[in-house]
Amino acid sequence: MTMKLSIPVPPNFSFKRTVFSHGWCDLAPFDIDQRKWVLKRVIDLGRGRAVTVAIREQKNRITVTADGPLGKRDSANVARDVRHMLRLDDDLTSFYEIVSRDSGFEWIADSGAGRLLRSPTVFEDLVKTIATTNCSWALTDKMVSSLVAALGRSAGDGARAFPTPEAMARESEIFYRNEVRAGYRAPFLKELAERVASGEMDVESWLKSELPTSELKREMKRVKGVGDYAAENMLRFIGRYDGFAFDSWVRAKFARTRNGGRKASDKKIARYYSRFAPWQGLVFWCDMTRDWLENETVANW
DNA sequence: GCGTCCAGGTCTACC
DNA sequence: GGTAGACCTGGACGC
Numbered sequence: 000m001t002m003k004l005s006i007p008v009p010p011n012f013s014f015k016r017t018v019f020s021h022g023w024c025d026l027a028p029f030d031i032d033q034r035k036w037v038l039k040r041v042i043d044l045g046r047g048r049a050v051t052v053a054i055r056e057q058k059n060r061i062t063v064t065a066d067g068p069l070g071k072r073d074s075a076n077v078a079r080d081v082r083h084m085l086r087l088d089d090d091l092t093s094f095y096e097i098v099s100r101d102s103g104f105e106w107i108a109d110s111g112a113g114r115l116l117r118s119p120t121v122f123e124d125l126v127k128t129i130a131t132t133n134c135s136w137a138l139t140d141k142m143v144s145s146l147v148a149a150l151g152r153s154a155g156d157g158a159r160a161f162p163t164p165e166a167m168a169r170e171s172e173i174f175y176r177n178e179v180r181a182g183y184r185a186p187f188l189k190e191l192a193e194r195v196a197s198g199e200m201d202v203e204s205w206l207k208s209e210l211p212t213s214e215l216k217r218e219m220k221r222v223k224g225v226g227d228y229a230a231e232n233m234l235r236f237i238g239r240y241d242g243f244a245f246d247s248w249v250r251a252k253f254a255r256t257r258n259g260g261r262k263a264s265d266k267k268i269a270r271y272y273s274r275f276a277p278w279q280g281l282v283f284w285c286d287m288t289r290d291w292l293e294n295e296t297v298a299n300w
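Per numbering that gives the first Met the number 0, residue 0 is the first one in the first sequence, and the count goes up by one each step.
If you're looking for bench data, these hints aren't it; they were derived computationally from the structure.
Careful: at least some of the hints might be erroneous.
[Claimed, not checked] Calculated lysine-lysine pairs in the DSSO-like style (CA-CA distance at most 27 Å, straight line):
id, residue 1, residue 2
1, Lys141, Lys223
2, Lys220, Lys252
3, Lys58, Lys35
4, Lys15, Lys35
5, Lys15, Lys58
6, Lys58, Lys141
7, Lys58, Lys3
8, Lys262, Lys207
[Unchecked claim] What follows is a set of in silico ranges between Cβ atoms, one per label pair, in the way DEER data are often shown:
id, residue 1, residue 2, range
9, Pro68, Ala263, 34 to 40 Å
10, Ala251, Gly157, 27 to 33 Å
11, Asn177, Thr92, 47 to 53 Å
12, Lys71, Arg261, 42 to 48 Å
13, Ala254, Glu105, 21 to 27 Å
14, Ser5, Asp201, 38 to 44 Å
15, Lys266, Gly103, 17 to 23 Å
Nothing here was measured: the structure is a model prediction, and the numbers come from that model.
Yeah, the Cβ is synthetic: ideal placement off N, Cα and C, and Gly gets one too.
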């Protein structure tokens with residue numbers, strides 16, 4: 000017996016643009032079937048249980064199918080997580096107004112881009128973001144897959160959820176070096192998991208923080224392994240888009256697509272998108288990833 | 001086969 | 001507040 004939920008979507012919502020908004024859909028415990036456009040995801044329900052859900056778009060609604068029966072409370076939690084992951088409750092009205100007025104950027108509103116896929120928890124996004132720093136995407140994939148395989152709660156089909164802070168805190172630094180292949184990030188991951196599991200640091204509260212962005216960014220950078228790029232990437236996940244999260248990939252892409260193949264300074268890039276404030280970071284990211292779905296493939300990653 | 005470079009950067013020490 | 005040098009890993013590249 001399976002459980003099925005149906006969730007309405009906001010105007011301008013694009014399932015494909017949201018799922019392929021950046022690399023997360025390709026990292027465990029997400030799993031994208033690009034041919035059928037089904038996003039699978041293992042959700043940790045707590046109390047020792049996890050469930051695999053299949054998320055798809057049908058007739059302007061999102062349907063979520065769980066591989067097994069779910070009680071009322073679990074169903075509500077799955078629906079909440081799906082809304083959170085797909086950013087269904089984000090209000091992008093003024094973002095779409097701004098890009099619609101700008102020739103060459105209307106496509107963003109027309110195609111419903113701008114909702115950046117995120118994980119059910121800030122903790123997961125934070126660990127993954129640290130795992131993207133100073134390494135190839137292949138290594139990020141390896142680190143995250145190893146974490147999930149070793150520590151994630153198992154769903155009925157054998158797939159695993161993302162590990163909880165508690166599960167991660169129990170492991171040694173050696174584990175993060177030898178099993179996860181996290182290298183010098185090993186102590187960072189261990190320390191982060193301990194601080195979150197002990198309650199010393201409440202990263203989930205960043206979602207509702209009233210701090211000015213500059214202060215919240217400073218708070219994020221108190222996490223070892225989180226610098227400007229990682230903090231600004233995390234800020235995007237909580238809906239603040241004035242930072243650019245510069246990394247080697249976007250710098251190269253800007254040079255290629257907007258600067259005649261020549262390197263551009265971060266200042267120049269920031270100036271280029273400054274008219275879109277306070278959405279400049281999101282316009283920048285959409286601009287850099289416009290071609291990802293031109294043929295509905297991610298061949299240009 | 002081996003050395004070097006560098007990926008979706010950050011930390012520390014020192015100015 | 002700004003910057004050199006170190007840092008794990010593993011794939012790509014030149015020789």
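Checking each numbered hint in turn, tell me which of them this model violates, lowest number first. Of the numbered hints given earlier, those the structure breaks are 6, 8, 9, 10, 12, 14, listed in rising order.
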